[in-house]
Amino acid sequence: MSAIDDAQEEVKPDMTPMIDVVFLMIIFFVCIEFKVLESKLPAYLPKDKGSQSTVVEPQEQLSVKVYVDKPGTPNYKHGGGPGLLNEGTKRPFRFVLEGHRVKWEVGPKPCFTIGEVKAELERIAKNPASMVPDKKTGQKKLMGCVVEAYPGTYYDDVSKTADVCHQAGFEEINFGGGLGAKK
Amino acid sequence: MDMQKVAQQNVDMDMTPMIDCVFLLMIFFVLVIDLSQKNLEDLILPRAQFQEPDDKPPENRPILNVLQNGTVVYEGKVYYDAIKHGTNYKPIKDLLLSIRTYGLATGRLHLKEEELPGGIKAKLIDDPILIRADKWTEWHYIGEIMKQCSQPEIAFWKVELAMSEKDKETGEKNPPKSVKQ
Chain A
1 MSAIDDAQEE
11 VKPDMTPMID
21 VVFLMIIFFV
31 CIEFKVLESK
41 LPAYLPKDKG
51 SQSTVVEPQE
61 QLSVKVYVDK
71 PGTPNYKHGG
81 GPGLLNEGTK
91 RPFRFVLEGH
101 RVKWEVGPKP
111 CFTIGEVKAE
121 LERIAKNPAS
131 MVPDKKTGQK
141 KLMGCVVEAY
151 PGTYYDDVSK
161 TADVCHQAGF
171 EEINFGGGLG
181 AKK
Chain B
1001 MDMQKVAQQN
1011 VDMDMTPMID
1021 CVFLLMIFFV
1031 LVIDLSQKNL
1041 EDLILPRAQF
1051 QEPDDKPPEN
1061 RPILNVLQNG
1071 TVVYEGKVYY
1081 DAIKHGTNYK
1091 PIKDLLLSIR
1101 TYGLATGRLH
1111 LKEEELPGGI
1121 KAKLIDDPIL
1131 IRADKWTEWH
1141 YIGEIMKQCS
1151 QPEIAFWKVE
1161 LAMSEKDKET
1171 GEKNPPKSVK
1181 Q
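Listed in order, the protein sequences are those of chains A and B. For the first sequence, my numbering gives the first residue as 1, with consecutive numbering after it. For the second sequence, my numbering gives the first residue as 1001, with consecutive numbering after it.
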């Protein structure tokens, strides 16, 4: 073996650690992308209402109604259709609702965008007349609000409404769920 | 170089591949355990701005998955099939009752006595329950679960709604916390 051959062998780098690191990084970033962080919106039920067999005093609450403006059309992007099961997952095919639109009524005021709902809720929250006495402490607190979802509304509509209620400062949020399915 | 030194040099091992393999296995098992314990269905959750991160969920928290058509799945098993059961919501009630009974029997759930206005005492489950529904699930299915949760014989009052920080359908993401108002 000549001296030139020896020199050529010495400069040959070992690629194994680099490839290992690259694989680790690929796995890491792929996992980060797929693992969307989940969070929660507290929707605690009133302890003294609902089906508890107690007589409840009526409370002053702000009513936020959610109505369907446009029902929308389900689009089965990945095949399948209503009532069909995906043989691979054994679950119904997923659709995306296109053109679905809702409108709101915050107290007596109609709203057509979530921004309008937020602005109206913030206005009400700042109004001193919205303060009611707390039964436990006797101190003044912001009145509760009840999100009443009408038939044909979706989880997305209601959660966004509850979200803006929280953002506006309402802490006690109740959900009216007894309005039934869409006709 | 004597013979002893040569022998010592020969037994040196390259630890790099082994460490690589260990890391890969660790990542694999962490992810597999994480996904299997949560019993999460593949759903697209709605995105909300006001939300609490769910980074340290209680181990004992029951998770009800609600599919787009209203079907309720718990621990990978369908309990209420919206197509089959329709407006008969008894399977949901039975499921919640069995979660409560099993949870109390095994100590995973705890009862708390609360004094309600009027001096009446009620025994309520003091642990949360998570409802994980697809963003395009009709609300009345979730409303029905909440209604059943409020029944005195079930009495789950700490209901939590699962949200996401990113809408997987539209790709919209929440702004970083510091930007929030």
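Heads up, some of the hints might be wrong.
Taking CB as the label site, the calculated pair distances span [to be verified]:
| id | chain 1 | residue 1 | chain 2 | residue 2 | range |
| --- | --- | --- | --- | --- | --- |
| 1 | A | 135 | B | 1023 | 27 to 33 angstroms |
| 2 | B | 1084 | A | 73 | 23 to 29 angstroms |
| 3 | B | 1119 | A | 114 | 39 to 45 angstroms |
| 4 | A | 84 | B | 1097 | 27 to 33 angstroms |
| 5 | B | 1119 | A | 98 | 41 to 47 angstroms |
| 6 | B | 1018 | A | 46 | 53 to 59 angstroms |
| 7 | B | 1084 | A | 30 | 52 to 58 angstroms |
| 8 | B | 1152 | A | 98 | 29 to 35 angstroms |
| 9 | B | 1016 | A | 89 | 18 to 24 angstroms |
| 10 | A | 128 | B | 1126 | 34 to 40 angstroms |
When the alpha-carbon atoms are kept at most 30 angstroms apart in a straight line, the in silico DSS-like pairs for lysine-lysine are as follows [unchecked claim]:
| id | chain 1 | residue 1 | chain 2 | residue 2 |
| --- | --- | --- | --- | --- |
| 11 | A | 135 | B | 1173 |
| 12 | B | 1123 | A | 141 |
| 13 | A | 140 | B | 1158 |
| 14 | A | 135 | B | 1077 |
| 15 | A | 47 | B | 1121 |
| 16 | B | 1077 | A | 118 |
| 17 | B | 1147 | A | 90 |
| 18 | A | 118 | B | 1158 |
| 19 | B | 1173 | A | 70 |
| 20 | B | 1123 | A | 77 |
| 21 | B | 1084 | A | 77 |
| 22 | A | 103 | B | 1173 |
| 23 | B | 1123 | A | 70 |
| 24 | B | 1121 | A | 126 |
| 25 | A | 103 | B | 1166 |
| 26 | A | 141 | B | 1093 |
| 27 | A | 47 | B | 1158 |
| 28 | B | 1147 | A | 103 |
| 29 | A | 70 | B | 1056 |
| 30 | A | 135 | B | 1166 |
| 31 | B | 1168 | A | 141 |
| 32 | B | 1173 | A | 126 |
| 33 | B | 1158 | A | 141 |
| 34 | B | 1123 | A | 90 |
| 35 | A | 103 | B | 1123 |
| 36 | A | 90 | B | 1121 |
| 37 | B | 1093 | A | 90 |
| 38 | A | 141 | B | 1121 |
| 39 | B | 1147 | A | 135 |
| 40 | A | 90 | B | 1112 |
Simulated from the structure, these hints should not be mistaken for lab results. A virtual CB, placed ideally from N, CA and C, is assigned to each residue, including glycine.
Hints versus structure:
| no. | hint | in the structure |
| --- | --- | --- |
| 1 | A/135 to B/1023: 27 to 33 angstroms | violated, 57 angstroms |
| 2 | B/1084 to A/73: 23 to 29 angstroms | holds, 25 angstroms |
| 3 | B/1119 to A/114: 39 to 45 angstroms | holds, 42 angstroms |
| 4 | A/84 to B/1097: 27 to 33 angstroms | holds, 32 angstroms |
| 5 | B/1119 to A/98: 41 to 47 angstroms | violated, 53 angstroms |
| 6 | B/1018 to A/46: 53 to 59 angstroms | holds, 58 angstroms |
| 7 | B/1084 to A/30: 52 to 58 angstroms | violated, 37 angstroms |
| 8 | B/1152 to A/98: 29 to 35 angstroms | violated, 42 angstroms |
| 9 | B/1016 to A/89: 18 to 24 angstroms | violated, 40 angstroms |
| 10 | A/128 to B/1126: 34 to 40 angstroms | holds, 35 angstroms |
| 11 | A/135 to B/1173 | violated, 39 angstroms |
| 12 | B/1123 to A/141 | holds, 27 angstroms |
| 13 | A/140 to B/1158 | holds, 24 angstroms |
| 14 | A/135 to B/1077 | violated, 43 angstroms |
| 15 | A/47 to B/1121 | holds, 11 angstroms |
| 16 | B/1077 to A/118 | violated, 39 angstroms |
| 17 | B/1147 to A/90 | holds, 28 angstroms |
| 18 | A/118 to B/1158 | holds, 25 angstroms |
| 19 | B/1173 to A/70 | holds, 25 angstroms |
| 20 | B/1123 to A/77 | violated, 47 angstroms |
| 21 | B/1084 to A/77 | holds, 25 angstroms |
| 22 | A/103 to B/1173 | holds, 24 angstroms |
| 23 | B/1123 to A/70 | violated, 43 angstroms |
| 24 | B/1121 to A/126 | violated, 35 angstroms |
| 25 | A/103 to B/1166 | holds, 24 angstroms |
| 26 | A/141 to B/1093 | violated, 35 angstroms |
| 27 | A/47 to B/1158 | holds, 9 angstroms |
| 28 | B/1147 to A/103 | holds, 24 angstroms |
| 29 | A/70 to B/1056 | violated, 39 angstroms |
| 30 | A/135 to B/1166 | violated, 38 angstroms |
| 31 | B/1168 to A/141 | violated, 37 angstroms |
| 32 | B/1173 to A/126 | holds, 29 angstroms |
| 33 | B/1158 to A/141 | holds, 21 angstroms |
| 34 | B/1123 to A/90 | violated, 38 angstroms |
| 35 | A/103 to B/1123 | violated, 39 angstroms |
| 36 | A/90 to B/1121 | violated, 44 angstroms |
| 37 | B/1093 to A/90 | holds, 24 angstroms |
| 38 | A/141 to B/1121 | holds, 25 angstroms |
| 39 | B/1147 to A/135 | holds, 24 angstroms |
| 40 | A/90 to B/1112 | violated, 39 angstroms |
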